[in-house]
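Chemist: Add chain Y to chain A, keeping to what the hints say.
Below are the chains, spelled out letter by letter.
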Amino acid sequence: MKPRKVIEIQHLSYHYPDGTAALKEIDLEVWDHESIAVLGPNGAGKSTLLYHLNGTLMGDGNVTILGLPVEKKTLKEIRRRVGLVFQNPEDQLFCPTVFDDVAFGPLNMGLKMESVQQEVKRALARVGLEGFEGRSAHHLSEGEKKRVALATVLSMNSEILVFDEPTDNLDPAGSRLLVEQIQSIPQTKVIVTHHLAVAADLCKRAILLREGRKVEDLTMESLLRNGALLVESGFDPDFAQWVCERKKTSGRLCT
Amino acid sequence: MKHAFLDHHSGVDSSIHHLDARAKIIVFVSLILVGVSSQPSSFLLFGLLALALISIALIAKLPLGHLAKKIVVILPFLLLVSLSIPFMKKETLGGGYNLGLGGLSVSQSGLWILWNVIVKSCLGVFSMILLSSTTSFPELIKGLERLRTPRIFTILLSFMYRYSFILIDEIHRMKRARDSRSFGGKWLWHSKVIGHMVGWLFLRSFRRGERIYLAMLSRGYQGTMPETAVGRFGRGELIFLLLVPVFVFFRVCLG
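Respectively, the protein sequence lines represent chains A and Y.
Under the working numbering, the first sequence is numbered contiguously, ending at residue 359.
Under the working numbering, the second sequence is numbered contiguously, ending at residue 258.
No wet-lab data here; the hints were simulated from the structure.
Heads up, some of the hints might be wrong.
What the hints assert, rightly or not - Per the computed footprint, the stretches of chain Y lying under chain A, defined by three or more beta-carbons under 8 Å from a beta-carbon of chain A, are:
(1) 63-75
(2) 138-150
(3) 220-227
(4) 247-253
Stated by the list, open to error - Distance windows between CB atoms, simulated:
(5) His-137/A / Gly-202/Y: 31 to 41 Å
(6) Gly-202/Y / Trp-135/A: 41 to 51 Å
(7) His-21/Y / Thr-124/A: 51 to 61 Å
(8) Gly-212/Y / Gln-114/A: 29 to 39 Å
(9) Ala-232/Y / Ser-354/A: 45 to 55 Å
(10) Val-251/Y / Gln-291/A: 52 to 62 Å
(11) Lys-216/A / Leu-206/Y: 37 to 47 Å
(12) Phe-162/Y / Glu-112/A: 32 to 42 Å
(13) Lys-308/A / Ala-232/Y: 41 to 51 Å
(14) Gly-239/Y / His-137/A: 50 to 60 Å
(15) Asp-340/A / Ala-232/Y: 46 to 56 Å
(16) Ala-232/Y / His-137/A: 30 to 40 Å
(17) Asp-16/Y / Asp-340/A: 47 to 57 Å
Glycine residues also receive a C-beta, built at the ideal position from the N, C-alpha and C atoms.
This is chain A alone, in the form it adopts within the complex (with noise of 0.2 Å):
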């Protein structure tokens, strides 16, 4: 059976009020159950790209998601199917409390009372946060605030989880317990890193922007050993070895 394809993006292009061109006639096709990650240098269009993802952007292109063009009167609709992990929790927790933030998707989605309760709750133990809902998101560790933030969209039960920088400003020990948690989500996902090493912990495929076109589409096996290509995109090919030594060892991705 042929896999659905739950992202369609043609002929994406959007240019900042400015007038600085920030993505240029991006074409991408994502299908369900696949983790894609974005590669690019700082400026590349990487955020932008995945504000195109819900609608918080729209430029000139066509945009589907699972089947459901992104317009006006779609947003609704779409933003129940893709949740947004945004790079700074502190921007991603508004409310006073972590039950607050957890629900407020849920609640904005119609759901009732206690069905939201049981969604939080649940929301809260997959990333292993049980009883922090009383907890003010000030008063929570990085580490802590980046798993509530994953919390905030879970609890929404989205087909796609979008993530900006899941791993920014996380010690290695809290950033390997994210990936292990992101990697654990069976949703499609669409990580933007700039970590080659968490990009191939959670995906099998890469693309790769440079000032704000889709220069490369490639499985992540073939990004790590293609020297030249990483290089070219500021990556330490050193690095790419070893991480793909790694991978070898664990058996999953280079063989």
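Modeler: Relative to chain A, chain Y alone:
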């Protein structure tokens, strides 16, 4: 990073802390109204109010020394009132003091006014300190919400609670960055730097506001914040509320 708390001791485990926020808001605000509306000469009523407040503090296991320290915030206001006393109407002389430049006399009505301000502000601030020390800020907001405070007001309060700490952290970071690069200089130069910092702070907050709005939109925000307040009004709350009729009775009888 230093953690700032608005609601010290609100996590203590005591019967007062467990009461519904609504009951506490009603009782403490009523006690303030009773105190403020009484005659300055109703010493017995003031004594009873103080006794009630101290008993509540003891039941709530709050350190009295800490509470006393917090009452100090009203000192500047008291000082302002006491400064103006010599210039009040002099019906009956209450006393006088000589500053060397000619005597200043203090009228009795002036002293009454000072006493009035001292006792009522002390009791009022003490009540508010008790309220904030026995109720966490998020609970307080929810209590106000359930008491039909306009939504816009409670939403503003909750954003203020969430982001004031982040703003304070940001100020600290900027100050640290400034101090590590500034080696003295003229007063004028310093004020220019502070001007820049205020400007930057405004810009950063503005951008953060935009990102938060995006985060809200991404989780289905459509212009109204969902209500999450749930509360219980049991026997404990009713008993605590009895303080209101008792003190209204005292107020009527004792003036």
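Chemist: What hints, given by number in increasing order, does this structure fail?
Modeler: Violated: hints 1, 4, 5.
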